[in-house]
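Keeping the supplied structure of chain A fixed, place chain B upon it in accordance with the hints.
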Amino acid sequence: MYGTIRHEIRIHRPASDVWALAGDAAKLHHWFPGIVDCTVDGTSRVIVTGAGIPMPEEILACDNTQRRFQYRLTTPLITHHRGTIDVIDLGDDTCLVVYATDCDPRTMALVIGGGTAGALVELKRLMENPATGQVETDHEGGEH
Amino acid sequence: MGRKILFITTDQQRYDTLGCNGGTLARTPVVDALAAGGIRYERAHPQSVVCMPSRSTMITGQHPSTHGVWMNGVPLPEAAPSIAEVLQGAGYRTAIIGKPHFEPFLDPFGRFPENGFARNGTFGPHRGFDHFESATHGAAGPLHYARWLADTHPEAVAMFYPVLDGALEVNAMGGGDTGAPQAHVNRIPREWYHTDWVADRTISWLSSLPIADDWFCWMSFPDPHHPWDPPASEVARIDWRDVPLPPGYIEDRAERERVLDLKPRHYRAWYDGRLVSNYEAPLNWVPATLTPDQVREINALNAVECELIDEAIGRVLAAVAARGWTDDVDIVFTTDHGELQGDFGLMFKGPYHVDGLMRLPFIWRPAPSSNQAAAVVSKPVGHVDLAPTFCAIAGVEVPSWMEGKPLPISDADAEARGFERVLTEWDSELFGVGVHVRTITNDQWVCTTYLPGSAHDGSEGELYDLEDDPLQRVNRWDDPTLASMRSDLIADLWDHQPAMVSPLPLVQAPV
Chain A
1 MYGTIRHEIR IHRPASDVWA LAGDAAKLHH WFPGIVDCTV DGTSRVIVTG
51 AGIPMPEEIL ACDNTQRRFQ YRLTTPLITH HRGTIDVIDL GDDTCLVVYA
101 TDCDPRTMAL VIGGGTAGAL VELKRLMENP ATGQVETDHE GGEH
Chain B
1001 MGRKILFITT DQQRYDTLGC NGGTLARTPV VDALAAGGIR YERAHPQSVV
1051 CMPSRSTMIT GQHPSTHGVW MNGVPLPEAA PSIAEVLQGA GYRTAIIGKP
1101 HFEPFLDPFG RFPENGFARN GTFGPHRGFD HFESATHGAA GPLHYARWLA
1151 DTHPEAVAMF YPVLDGALEV NAMGGGDTGA PQAHVNRIPR EWYHTDWVAD
1201 RTISWLSSLP IADDWFCWMS FPDPHHPWDP PASEVARIDW RDVPLPPGYI
1251 EDRAERERVL DLKPRHYRAW YDGRLVSNYE APLNWVPATL TPDQVREINA
1301 LNAVECELID EAIGRVLAAV AARGWTDDVD IVFTTDHGEL QGDFGLMFKG
1351 PYHVDGLMRL PFIWRPAPSS NQAAAVVSKP VGHVDLAPTF CAIAGVEVPS
1401 WMEGKPLPIS DADAEARGFE RVLTEWDSEL FGVGVHVRTI TNDQWVCTTY
1451 LPGSAHDGSE GELYDLEDDP LQRVNRWDDP TLASMRSDLI ADLWDHQPAM
1501 VSPLPLVQAP V
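In order, the protein sequence lines correspond to chains A and B. For the first sequence, this note's numbering puts the final residue at 144, and the numbers step up evenly by one. For the second sequence, this note's numbering puts the final residue at 1511, and the numbers step up evenly by one.
Bound-form chain A, shown alone (with noise of 0.2 Å):
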């Protein structure tokens, strides 16, 4: 059965500074609590969660102008997922960041959507409070 679970958060910081991280498929473990390593190659990524699993992925869309990135776990454990990270522009030098999960079981939608959830508010932690942080983006302006 399908679910699909969506999380929203709004970051004090330019959109631009903001996908610059969240846009980059090889940082998603510096902003994803629970996932430890991040390996690209071409359109395939695999992390590596917290308890060990390394999970396949395959990269569907970065998007710099709509500043969307799509991707989907190619594991045979889950017959469906689609995860889409889109950043938008509020106008004000804000941004609100979407992170949305759509998965067959259902039951993965919420595991993964709680995962979202936390991602979500240690970007906007490490984006706000930059000092506190240990990210490092290629984004000119970026926190290092």
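Everything labelled a hint here was simulated from the structure, so no lab data went into it. Since we're looking at a predicted model, the values are computed, not measured. Note that CB positions come from ideal geometry on N, CA and C, so glycine has one too. Hints should not be assumed to be uniformly reliable.
Unchecked claim - Far from chain B, by Cβ distances over 12 Å, these chain A residues were calculated:
(1) 24
(2) 26
(3) 27
(4) 59
(5) 74
(6) 94
(7) 98
(8) 100
(9) 128
As the list claims (entries may be wrong) - To give an idea of the chain A side of the interface with chain B (calculated C-beta under 10 Å), a few residues:
(10) 36
(11) 49
(12) 55
(13) 118
Here is chain B on its own, set in the frame of chain A:
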């Protein structure tokens, strides 16, 4: 040297499964003896009828609306107050051994500390417990029992019933002799089963303590929660074919459905397979298919599990006696919530605030050195009163954040200290289905109001007379002769119901 505390919980155990509460199926002489020598509560209710919110109430002494664990899958914040921390601060050695479930079990990201200890080979500390050793209903998951079984008896791992199916839903697969859901023949030797493991680990931890230490030990058995898969060697204790149908099960189908139709609409919708409002019941199981023989077999297997728990407690009490502690140990026995177990043709649990789920086995055997007289208390009490009681036993002031009161020692004491009501709440939002329920129970009435949600428009409710209708078959919510009393009960409910914490904490897993 002060009073020590052995806090014993089970999971999903009905009030009527104990001999001291009138149960006739399971033999429970150990707990019955605790009741005979202590205080037996006849109207104890949980503040939630599912595990995580209920256990969070036990550890915090707060209602779910206050501690924020409003449904399964919402983790109790790490910074939440804890009775174990209070007692630790008073010099107690503290442990929880068995099922904790303050944080979600389904945790592939490894985000929750509760699941990390076994993976790392450590045992806490966590939430004020010096020692944290965990187990759940089988051999799966990142908990100490599962790791121990996989390491020492790997051949037994697959013997348990798979609690979840391939889609990670609660499994509807039938088994046993009757095809009953979550019934299973488990070939595991008894000594490897989690009930005995919890007792063994408790004895081990107690044995590690100096005699003079004060201690608080929460021994938390995962049974008799489904799956009903006790060791096969023990199943012959109770032949399900000899088990009478429980009083709550209505054998005549037409009458059963008539009774269900008197209740709010989600009862019948679930029974017919039109609505599964919560994760805790199998998605692919329809209660209307439940047969009388399946009810008998589940009750028999459940009773076997209750007997094994009773015997395991007996072993722990013998170990306590061997250390010379008996006179100074307070023992509290309860469960997190009940089980429908055939009532109204239903099984498992959900937003159904009736006695099967709400009326708890609840016993306090004060330390014999306290010279407390044995008693039976009929006034309403709740899990919210446990943590303050532990404070009182330890001689510690009850912190202001606790919402309950030390348990009454008699009905007169209950009356003098205002034990007039107990509240139970339910909230769930799962895949577009929202159910929100609030219940007040006093010593005669149980009154439930349904807030607007997916299945309810805000007008529905339940009102039962516990004296005249103990099986709660006649819903008098719309009885005009009771309108004024119903209104008073609802007003009393809202006068005492804490406001829901804001913002609402996120659901992070199904369970």
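Hint check:
1. Listed as outside the interface, residue 24/A is consistent with that label: its C-beta sits roughly 20 Å from the nearest C-beta of chain B, beyond the 12 Å cut-off.
2. A cut-off of 12 Å between C-beta atoms confirms that residue 26/A is not in contact with chain B; the least separation is 18 Å.
3. With a least CB separation of 17 Å from chain B, residue 27/A remains clear of the 12 Å interface cut-off, as annotated.
4. The claim that residue 59/A is not at the interface with chain B holds, since no C-beta of that chain comes within 12 Å of its own (minimum 20 Å).
5. For residue 74/A, the non-interface assignment is confirmed: its Cβ lies about 15 Å from the closest Cβ of chain B, beyond the 12 Å cut-off.
6. The Cβ of residue 94/A lies farther than 12 Å from every Cβ of chain B, with a closest approach of about 19 Å, so its non-interface assignment holds.
7. With a minimum CB-CB distance of about 15 Å to chain B, residue 98/A clears the 12 Å threshold, and the non-interface call stands.
8. The claim that residue 100/A is not at the interface with chain B holds, since no C-beta of that chain comes within 12 Å of its own (minimum 14 Å).
9. Every C-beta of chain B lies more than 12 Å from that of residue 128/A, the closest at about 18 Å, which supports listing it as non-interface.
10. Nearest Cβ of chain B to the Cβ of residue 36/A: about 8 Å, under the 10 Å cut. The hint holds.
11. Annotation: residue 49/A was flagged as interfacial toward chain B, and the flag holds, the nearest CB pair being 5 Å apart, inside 10 Å.
12. Hint on residue 55/A holds. Least Cβ distance to chain B is approximately 8 Å, under the 10 Å limit.
13. Given the 10 Å rule on beta carbons, the hint for residue 118/A holds: about 6 Å separates it from the nearest Cβ of chain B.
Hint compliance for this structure: every hint is met.
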